[in-house]
Amino acid sequence: MYCQLLCHTEKPKIDFFTIHLYPLTFSTFKKLMSKTVLQLKNANIYQGNNLVLTDVNVELQKGDFVYLIGKTGSGKSSFMKTLYADLELTEGEGEIVDFNLKGLKEKDIPFLRRKLGIVFQDFKLLPDRTVNGNLEFVLKATGWKDKDDIKERIDSVLNKVGMGTKGFKFPHELSGGEQQRIAIARALLNEPELILADEPTGNLDPQTSIEVMELLQDINKNGNTILMATHDYALLLKYPSKTFKCDENKVFEVVQRKS
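Each residue of the sequence shown is one higher than the one before, counting from 1 in the UniProt record's numbering.
Just so you know, the hints here were simulated from the structure itself, not pulled from any lab data.
Don't take every hint at face value.
[To be verified] Computed list of lysine-lysine pairs in DSBU-like fashion (alpha-carbon distance at most 35 Å, straight line):
#1 Lys62 x Lys160
#2 Lys245 x Lys71
#3 Lys107 x Lys221
#4 Lys245 x Lys147
#5 Lys105 x Lys221
#6 Lys221 x Lys238
#7 Lys242 x Lys115
#8 Lys166 x Lys151
#9 Lys124 x Lys140
#10 Lys151 x Lys245
#11 Lys81 x Lys107
#12 Lys140 x Lys166
#13 Lys166 x Lys81
#14 Lys71 x Lys238
#15 Lys115 x Lys250
#16 Lys41 x Lys238
#17 Lys140 x Lys160
#18 Lys62 x Lys245
#19 Lys238 x Lys166
#20 Lys81 x Lys145
#21 Lys107 x Lys62
#22 Lys62 x Lys81
#23 Lys169 x Lys221
#24 Lys147 x Lys62
#25 Lys160 x Lys107
#26 Lys35 x Lys124
#27 Lys107 x Lys245
#28 Lys160 x Lys71
#29 Lys145 x Lys169
#30 Lys221 x Lys115
#31 Lys124 x Lys62
#32 Lys102 x Lys35
#33 Lys102 x Lys166
#34 Lys221 x Lys124
#35 Lys107 x Lys242
#36 Lys166 x Lys105
#37 Lys105 x Lys145
#38 Lys151 x Lys105
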């Protein structure tokens, strides 16, 4: 059938490669290629019965690096927990990596989280397993079975975060910065559409924080979308990017002033 269509001679021939080649501006091309990975519309975020954030409107596109700032207790963690369905979204609209957050069924939560990479402030590494063991545990829990594939993937993410020689170490044998690098490697295992980093530098000294930020910047430049909650404003000055702020039960975009 395909050959017959191409070889039909009674109709004017059309050069396939000339079809749809209309001039495109860069901005138009970018819009065509962009994909929304997170969108909240008029969302209210609760911690239990307590309304933490109201009328939240946020959108992230593929490839974005976005900060979520605010003082302790302003709702940043509740915001992040809602995104990976640790808190239920009951009011407003929310979609993340093609999952509808409102009314998300409990059985679908593991599938959502497989499309997310989550980095915590306190690392959350299993203390009784080596680095390799921690990463292998996640891969097996998300359906990986082939031993060679598992080893190859672990080696790949460890090399990506500069920890290729640390696979046989236990968490207590690593520094805080090294543990956070392992946590980032864990987040990359299943090639997530969105990385949620909740205060990833909160337990680190200033120099180590910069090293972790450099790593996150490199990961973002390779095409990964990152939403990072932080209260470290020095990092925003050094690595400026789109920023939302939690304050007085609201979330709004802020623009950094040029010095």
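Consistency of the hints with the structure:
no. : hint            : in the structure
1   : Lys62 x Lys160  : holds (20 Å)
2   : Lys245 x Lys71  : holds (9 Å)
3   : Lys107 x Lys221 : holds (33 Å)
4   : Lys245 x Lys147 : violated (44 Å)
5   : Lys105 x Lys221 : holds (34 Å)
6   : Lys221 x Lys238 : holds (16 Å)
7   : Lys242 x Lys115 : holds (23 Å)
8   : Lys166 x Lys151 : holds (14 Å)
9   : Lys124 x Lys140 : holds (17 Å)
10  : Lys151 x Lys245 : violated (40 Å)
11  : Lys81 x Lys107  : holds (17 Å)
12  : Lys140 x Lys166 : holds (20 Å)
13  : Lys166 x Lys81  : holds (30 Å)
14  : Lys71 x Lys238  : holds (19 Å)
15  : Lys115 x Lys250 : holds (27 Å)
16  : Lys41 x Lys238  : holds (30 Å)
17  : Lys140 x Lys160 : holds (20 Å)
18  : Lys62 x Lys245  : holds (20 Å)
19  : Lys238 x Lys166 : holds (29 Å)
20  : Lys81 x Lys145  : holds (29 Å)
21  : Lys107 x Lys62  : holds (26 Å)
22  : Lys62 x Lys81   : holds (20 Å)
23  : Lys169 x Lys221 : holds (29 Å)
24  : Lys147 x Lys62  : holds (31 Å)
25  : Lys160 x Lys107 : holds (32 Å)
26  : Lys35 x Lys124  : holds (30 Å)
27  : Lys107 x Lys245 : holds (32 Å)
28  : Lys160 x Lys71  : holds (32 Å)
29  : Lys145 x Lys169 : holds (23 Å)
30  : Lys221 x Lys115 : holds (19 Å)
31  : Lys124 x Lys62  : holds (27 Å)
32  : Lys102 x Lys35  : holds (20 Å)
33  : Lys102 x Lys166 : violated (40 Å)
34  : Lys221 x Lys124 : holds (26 Å)
35  : Lys107 x Lys242 : holds (33 Å)
36  : Lys166 x Lys105 : violated (38 Å)
37  : Lys105 x Lys145 : holds (26 Å)
38  : Lys151 x Lys105 : holds (33 Å)
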